[in-house]
Amino acid sequence: MTSAVQFEKVSKHFNNVRAVDDVDLTINDGEFFAMLGPSGSGKTTCLRLIAGFERPTSGEISVLGEPVKNVPPYRRNVNTVFQDYALFPHLSVAENVSYALKIKKIDKTIRRTETENLLDMVRLQGYGDRKPSELSGGQRQRVALARALISKPKVLLLDEPLGALDLKLREEMQEELKSLQRTLGITFVFVTHDQGEAFSMADRLAVFNEGRVAQLGTPEDIYYRPKNAFVASFVGTSNVLSKNLLNSLGIEGFAASLRPEDINIDSENGIAARLISKSFLGSATRLSLEINKERLTALVDYAQGQHLKENDEVRVSWKSSALHMMQPAP
Amino acid sequence: MIHTHTLPDNKGLMAKLSDLFWRRPWVLLLALLLPAILWLGIIYIGSLVALLVQSFFSIDEFSGLIKYELTLKTYLELLRPANLDIIVRTVTMATSVTVAAVVVAFPIAFYAARYARGRWKVVFYVGVMLPLWSSYLVKVYAWKLILAKEGILNWILAKLHLGWALDGILSIPVIGGNSLSVSYIGTFFVFLYVWLPFMVLPMQAALERVPNSYLEASADLGAKPSKTFWSVVFPLALPGIIAGSIFTFSLTLGDYIIPQIVGSSRLFIGQAVYSHQGTAGNIPLAAAFTVVPIVIMAFYLWFAKRKGAFDAL
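Chains as they are written, first to last, in my numbering: chain A, 1381 to 1710; chain B, 5 to 317.
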């Protein structure tokens, strides 16, 4: 398998800020790859490095095996869907979509058919003559997608493309993007701060923290086997059990993660805990518990949580296999 | 149930008035707009219409009195070679000044909009506005001294042994002359200097609204910087350029001070209007001359709109 994008010891410094710090990363050809992290973690800078909007301070980036450090964005075989879509307001939808072909001086009739094909693909037939300002957020997003795909890039970069959409539309677009990626068979590199989005779409993802890759793996790896406390706490609502708490329970280790759904409420055995608060989530009930002055979150069935009241003393337990030992943050 | 009074009082005139404005928003709108409507409608547009009506009267050649009969005779007068010369000369000057202002102002506006931040933005605004704060006459006379044969420009060029270059330029027929201060080139430079801020500011405002992501998107789609400039930056800056050119163009068309102080003493439209309505007492012809810039500007805007200059608005 060839690599679509490869980072070799890549750093990017802005004045004294290390936005990207010594990153090694390989994105495989044809995979749906997500870069996940809080704002300021360096994920967007990595995307901009691939597109060529930023140049690395040190290290080398290769796209499809070719080093691109000295290649300007207009000569790279990657295209970008921008966070704000960046549709040209003075051009119609069709002119926006066919922009790349016009730059390449492609014949007008070919340009027209290609543009119509792309608009069909994103389900915007008949919208070609409108201005971007006349479209809804979801429609603009699809125009941006069509515009980025028209020159058939090998790698498509997406910068928080669903950030501006409402929840329902976002879920629809997640499905659509995923099936689009499968049909086209090209590499999608996707930046997001939403772990749900990353998990539901990506084949693999990199979790970023302070300019470094905190963990690289499949969604299952990251969710069930977080390598360190940062990943465990950032991804979902995993509990991080500190060294103190572990020791008080007679367990050796630096820190451990425990998924809220792995905590059971027992009436007899188990560790003593106090219920701080509970919230009704529909199918499940979320309990906020305190053990040895540390907070834990548990997710239990509605039936199990029904009779509990705040300030109740409860007993909790979990399977030893649910406890995942972690290393210090990188 | 006992009715309790818990809402804050609305005692006093201001409070009553505020409540009225809230209930009837159009009252506030009318109160705010009425002075402006009266000013614009009666004093401004009204007097302009009165002037335009004058242009359809004519002057009796023997008595020198105005004949109050509607006629196009005065407009025919405009087409006499001497008057047509004035119009062509003024329009040519206004066009050259506008084109030069676009070329000079664009890099300044581009820098200010895209790169200047914080302190440098302040330096930009002060630098562009400062010339507007000092008297227009002082600036024009200053330029006359700078451009004069005994002026500082000649002196510097002589020290640099570049006097021959200036002489070469001044020897060009029509636009040249005895010295810069009595040539069309001199008039052109002073016009350019005086009106430049009116081009820079609207241009900068237009460029300010072009986010970086548009430029990145264009590059991402394969456009080299020059291509991005012509297909993204320029069209989006065009409304600002048009706005600026309306200023520089119409201000040059109407000005009568600059060509009188710096230039070759051949008349511009503004000077023609001035002399016809003054000593000559030919108000109809002065009015007809005033119509010329208005018609030119209307035509220019119509053409710009047709060419899609305002599509980005």
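Heads up, some of the hints might be wrong.
Calculated lysine-lysine pairs in the DSS-like style (CA-CA distance at most 25 Å, straight line) [what the hints assert, rightly or not]:
id : chain 1 : residue 1 : chain 2 : residue 2
1  : A       : K1511     : B       : K153
2  : B       : K228      : A       : K1484
3  : A       : K1485     : A       : K1534
4  : A       : K1488     : B       : K163
5  : B       : K163      : B       : K153
6  : A       : K1488     : A       : K1532
7  : B       : K153      : A       : K1534
8  : B       : K153      : B       : K143
9  : B       : K228      : A       : K1485
10 : A       : K1534     : A       : K1548
11 : B       : K228      : A       : K1534
Think of the hints as simulated: they come from the structure by calculation, not from any bench.
Evaluated hints:
1. K1511/A / K153/B: Cα-Cα ~57 Å, so violated.
2. K228/B / K1484/A: Judged against 25 Å, a Cα distance of about 11 Å means the pair holds.
3. K1485/A / K1534/A: holds (20 Å)
4. K1488/A / K163/B: violated (59 Å)
5. K163/B / K153/B: Holds, because 14 Å separates the two Cα atoms, which is no more than 25 Å.
6. K1488/A / K1532/A: holds (18 Å)
7. K153/B / K1534/A: Given that 25 Å is the threshold and the Cα spacing comes to 67 Å, the pair is violated.
8. K153/B / K143/B: Since the Cα atoms of K153/B and K143/B sit roughly 18 Å apart, the hinted pair holds (cutoff 25 Å).
9. K228/B / K1485/A: The hint holds at about 13 Å.
10. K1534/A / K1548/A: The hint is violated at about 29 Å.
11. K228/B / K1534/A: Cα-Cα ~20 Å, so holds.
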